[in-house]
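Protein chains: 2
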Amino acid sequence: MSIGIIGAGQLGRMMALAGYPLGLRFTFLDKSEDSPGAQVGDIVLGDFMQAEDIRRLAGQVELLTYDVENVPVEALEAAASGIPVHPGPAILGAAQDRLREKECFARHGIETAPYRSVDSLAELESAVKALGLPAMLKRRRMGYDGRGQQLIRSEAEIAKAWEGLSGAPLILEGFVDFEREVSLIGVRNRSGDTRFYPLSENRHEDGILRLSIAPAADPALQATAEKQLAALMEAHDYAGILTVEYFEKAGRLIANEMAPRVHNSGHWTIEGAATSQFENHLRGILDLPLGSTRPRGVSAMINCLGRMPALEGVIRHEDAHYHDYGKAPRPRRKLGHITVVRDDRASLDAVIDELLPLVKAAEQA
Amino acid sequence: MSIGIIGAGQLGRMMALAGYPLGLRFTFLDKSEDSPGAQVGDIVLGDFMQAEDIRRLAGQVELLTYDVENVPVEALEAAASGIPVHPGPAILGAAQDRLREKECFARHGIETAPYRSVDSLAELESAVKALGLPAMLKRRRMGYDGRGQQLIRSEAEIAKAWEGLSGAPLILEGFVDFEREVSLIGVRNRSGDTRFYPLSENRHEDGILRLSIAPAADPALQATAEKQLAALMEAHDYAGILTVEYFEKAGRLIANEMAPRVHNSGHWTIEGAATSQFENHLRGILDLPLGSTRPRGVSAMINCLGRMPALEGVIRHEDAHYHDYGKAPRPRRKLGHITVVRDDRASLDAVIDELLPLVKAAEQA
Chain D
1 MSIGIIGAGQ
11 LGRMMALAGY
21 PLGLRFTFLD
31 KSEDSPGAQV
41 GDIVLGDFMQ
51 AEDIRRLAGQ
61 VELLTYDVEN
71 VPVEALEAAA
81 SGIPVHPGPA
91 ILGAAQDRLR
101 EKECFARHGI
111 ETAPYRSVDS
121 LAELESAVKA
131 LGLPAMLKRR
141 RMGYDGRGQQ
151 LIRSEAEIAK
161 AWEGLSGAPL
171 ILEGFVDFER
181 EVSLIGVRNR
191 SGDTRFYPLS
201 ENRHEDGILR
211 LSIAPAADPA
221 LQATAEKQLA
231 ALMEAHDYAG
241 ILTVEYFEKA
251 GRLIANEMAP
261 RVHNSGHWTI
271 EGAATSQFEN
281 HLRGILDLPL
291 GSTRPRGVSA
301 MINCLGRMPA
311 LEGVIRHEDA
321 HYHDYGKAPR
331 PRRKLGHITV
341 VRDDRASLDA
351 VIDELLPLVK
361 AAEQA
Chain C
1 MSIGIIGAGQ
11 LGRMMALAGY
21 PLGLRFTFLD
31 KSEDSPGAQV
41 GDIVLGDFMQ
51 AEDIRRLAGQ
61 VELLTYDVEN
71 VPVEALEAAA
81 SGIPVHPGPA
91 ILGAAQDRLR
101 EKECFARHGI
111 ETAPYRSVDS
121 LAELESAVKA
131 LGLPAMLKRR
141 RMGYDGRGQQ
151 LIRSEAEIAK
161 AWEGLSGAPL
171 ILEGFVDFER
181 EVSLIGVRNR
191 SGDTRFYPLS
201 ENRHEDGILR
211 LSIAPAADPA
221 LQATAEKQLA
231 ALMEAHDYAG
241 ILTVEYFEKA
251 GRLIANEMAP
261 RVHNSGHWTI
271 EGAATSQFEN
281 HLRGILDLPL
291 GSTRPRGVSA
301 MINCLGRMPA
311 LEGVIRHEDA
321 HYHDYGKAPR
331 PRRKLGHITV
341 VRDDRASLDA
351 VIDELLPLVK
361 AAEQA
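First to last, the protein sequences are chains D and C. One point on numbering: in the UniProt record's numbering, the residue at position 61 of the first sequence is 61, and numbering is uninterrupted. One point on numbering: in the UniProt record's numbering, the residue at position 167 of the second sequence is 167, and numbering is uninterrupted.
These are computed hints drawn from the structure, not numbers from a lab. Idealized CB from N, CA, C, for every residue including glycine. Check before you lean on any hint, since a few could be wrong.
These stretches of chain C come out as covered by chain D in the derived footprint (C-beta under 8 Å, 3 or more residues) [stated by the list, open to error]:
no. : segment
1   : 282–289
2   : 322–333
Among the chain D residues that face chain C by a calculated CB cut under 10 Å, a handful are [what the hints assert, rightly or not]:
no. : residue
3   : E205
4   : D206
5   : E234
6   : D237
7   : I315
8   : R316
9   : Y325
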């Protein structure tokens, strides 16, 4: 079975590494012969924003999936008329647009921050009046890792935020004074079976994920989140991994965004769960029986940004697993991650306390 | 860091899949662009028995290792004058020749079956007199998976065994009426650190490994075997994974053969140990800190020969991991394996009882 992956970043690379043992073959679509995916699979050189290039990839494989969220939905739909594309273009369209995403959450009774669509300075001003301050002004599309958004703390900052982001459709979101951020990763196969990983706690720095720890929540929160993902997946006849990121506040889950793909906050599952999110994504899109999502102890995933820490320094820590994506160093770029699996949270925290300074020292070197 | 792997079979393929997360690149030497290794890494087309082809590979990488045991030692030594080759050619030479192997074991006080070198029918007859019957007549070189050997049960079978195997140097080995077969897999890095996996129990069918279960021995046997491997590795300034296969009889370990490479009886370590034998082999040859060999519960590895069982039928068993090497079906050929990890031996045995018939049914289809 040959799988085409639109985008050859680290997500596609880890998908291929998980899929080879299943006997699958992988062909990527991306611009560089030395992209993370191309280093471990075949590559069709092209632009994943271009329908024609997606069609070229589709002509060489039996099933399409993607590791990037900004693939044009129309191009995907055109390709899907020839071969299966999973997850389906419909939910991808919602995930690409913060307004449609929030409307989708609302349709399924999933709480979000209050929001207003903003297309002019006047709309922004009236939105600020309605939601109060502080509030987050965000581009509706193409934002990731904290880009394309601006916190407005006072009325004096409204004009500057507008200047910084206008020119594209915007959304103003009421500020959620959350206690922590968590995410749920679920998987569904085309037959409708579902599985869910334990909620992970996610800590961001400057808008970029730095640390995930899982399992990290009580059964009540887990049940609430699972019910919500199950409803989203059922409604979209979903296949593959779906991730929803939440703010947690006073025992409530407030959905922030969703990603119809494997997710950075699930990288711990490679060593920390019986079946990784990458393998389960493949099982889901191929309509195979889903694998156990049972955690092996408690895991932490630390993102390495800008510059990798030395391999030797990391793996001299018993139970530290090193993941280098094969990317060139560049400030704030996600180059790799480290996973640590331990039996208990206290000893896990002790290892994090050793590794995190080492990771940050490498970044600042 | 670019690693050259001589031979692009399943062992090299699994080595590459384990090494990509460490940021390593892999180039294989083998005859086919569709070999298991070439499907996941770069390939230099050539013959790993030819020194010139090994030199071509060596010219493209920074360090050489191998996934086949029959690489000509002289060719490897020639390549080693340019870049590091691990494990070192000296121990490979001993592992390639059953007579030198037994002499090597003897030098390190490791018990073997009694044996005699045989180069003529007269020598065979006198060896039979000395060792008694039954006895195993084997080619000294190039035998694997039960090929190139013949059991002699009575004097009447001596001439037939000689006819079947003569033309190459032979060895007669006293028959060991063992209770079971076990193997120890150890790893050493160039700095001299060592780690050992728990002994696995190995069951063969028609000379080919069918099933490995680990951990499978008491601490006393484990300690004995570790001491022996440590001595072998130390004496050869060894780097990488070394495997010794033993017969177990009345609480004694009788060494049968060694393999200076990752080993089929260690495939369970991918899911069943904190660090796989493939990653630890790479750590050893790169002189990196070695990874934990701690088992995760108890594991079974079932070899799939000739024809793979259907993916779906295998992975509907919770905890069954499927490994397809990407090889074309052929009778008795090792095409893949299945690993099952469970918390206790009784429930592991129950899963084996379900999967083994399924694997065999596929082979006979």
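Cut-off 10 Å, beta-carbon criterion: hint that I315/D touches chain C: For I315/D, the interface hint holds, since the closest Cβ of chain C sits about 5 Å away, which is under 10 Å.
Minimum beta-carbon distance criterion (10 Å), E205/D to chain C: 23 Å, violated
Interface hint for E234/D, Cβ within 10 Å of any Cβ on chain C: Violated. Min distance 22 Å.
Given hint D237/D near chain C, where the shortest CB pair must fall under 10 Å: 20 Å, violated
Claimed coverage, the segment 282–289 of chain C by chain D - three or more beta carbons nearer than 8 Å: holds (count 3)
Status of the D206/D interface restraint (C-beta, 10 Å, chain C): 25 Å, violated
Coverage assertion for the segment 322–333 of chain C with respect to chain D, Cβ distance below 8 Å, three residues required: The restraint on the segment 322–333 of chain C holds, since 4 of its residues have a Cβ under 8 Å from chain D and three suffice.
Proposed interface contact between Y325/D and chain C, which counts if any beta carbon pair is under 10 Å: It holds, given that the least Cβ distance between Y325/D and chain C is near 8 Å, below 10 Å.
Supplied contact hint for R316/D, tested at 10 Å Cβ to chain C: 4 Å, holds
The structure shown violates the earlier hints numbered 3, 4, 5 and 6.
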